[in-house]
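Novice: One-letter residues, chain by chain:
There are 2 protein chains.
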Amino acid sequence: MSETKKIEVMEAIHDENERIALETNQKLTGGGVFCVNVMGAPGAGKTSSVINIIKGLKALTPFVIEGDIESDLDTRTLNGMGIRTVQINTGGACHLDAPLIRDALDKLAPQKKSVLFIENIGNLVCPAEFVIGEHIKLLISTVTEGSDKPYKYPLAFEKADAVILNKADLAPYLDFDKEFFIKGFRALNPLAPLFMVSAKTGEGFWEVAAWLEEKAFSVLQGEKA
Amino acid sequence: MSETKKIEVMEAIHDENERIALETNQKLTGGGVFCVNVMGAPGAGKTSSVINIIKGLKALTPFVIEGDIESDLDTRTLNGMGIRTVQINTGGACHLDAPLIRDALDKLAPQKKSVLFIENIGNLVCPAEFVIGEHIKLLISTVTEGSDKPYKYPLAFEKADAVILNKADLAPYLDFDKEFFIKGFRALNPLAPLFMVSAKTGEGFWEVAAWLEEKAFSVLQGEKA
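Residue numbers (our numbering), protein chains in the order written: chain A, 1 to 225; chain B, 1 to 225.
Quick caveat, the hints were computed from the structure, so don't treat them as lab data.
A pair counts as met if it fits within one copy or between any two copies, since identical chains are not told apart.
Simulated crosslink set (DSBU-like; lysine-lysine; CA at most 35 Å straight-line):
#1 107 to 183
#2 183 to 55
#3 27 to 5
#4 112 to 27
#5 5 to 159
#6 200 to 159
#7 183 to 215
#8 159 to 27
#9 6 to 159
#10 6 to 27
#11 107 to 6
#12 178 to 55
#13 200 to 107
#14 178 to 200
#15 183 to 200
Construct the complete structure from the given sequences, taking the supplied hints into account.
Specialist: Here's what the structure looks like:
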């Protein structure tokens, strides 16, 4: 197969995805649902971070779409906590896409004044390339992954609207170079807030929840105006 | 674009990749080079594990191909230690493929009686789907990523010829459920050895290096016979 043919196919897939994502985004905004695309490497603590943020919400009702290649471990945890959650299993695909989210939303039907967390596949590469209907991208990085991540996975850091640096409770046992991390992150993304948190202790998540609700209100009120 | 057309394109890409990977594998075997495809999530400690294994090698000369989306941080480290290393930057692609390795090998030209480590892109999904010419796949997982990884990223664990469980030095500060991890891993892969290691302290890497040299000799001697 020629390189040109491959590129043509990839572009067509991307274009179709963007069209559906835009439709979903407009539908969510109109329905009073603020949508957060949660991205991060395997084991970054995406689910436990979402749970901690949800605990800090004051005005919005949470809904979750869980993306995994296989298994429904996290969905069972979330539903067990009374958080309405729908599972997507991609069966191999390395990221969620807009058609998958459109279908999952039919099942989930989030109500007005809510925030929808979409937990993407654990992957620092592919999810950053595909919009799925979100208002913001929340990137979860960790001190255990090392301080060079913004240099090695630039697109995810560049596109993030906020970055959580998780597992702060382990920092005393690591050689994490925070200055080097921030330098790399800021070179790509000068404005997005950075939150130091620990999903184990809950440290730092009130600030994330407050920031997120403020952001949600500005997007959803913009719609009403 | 139709689903059928998409699948056709993907299959053609896979077939071409497999053909080139087989050629590379035969050339390496004939040339006395044992090739290890090193896979793992972002920040699993792929480079530091490779360095620790290299320290434990007794008879084989190491060569490295470093795969990254961007940056050459690890290649500079390795070359600075006197380990001949060539960098591949995929510029966005989420895994290495056989054509990229074929081209990098022309530059690296590993000698007889050597082991070639190919550090794949930090990603627990896509690299497991593409052979690149390797004799074995070495998967690096970590206790900090959590014990549910075999359940969530089954293909990488299923295809691994050996699994390293890294960052063992952090285990005392975590709720890592080793039994649950091993149960999930063994359901997918009953035979591959599992090594507990710490790339920080060096713990456990002599065993990995010894196992790897034994494996290399059996593959390369099979060629001579």
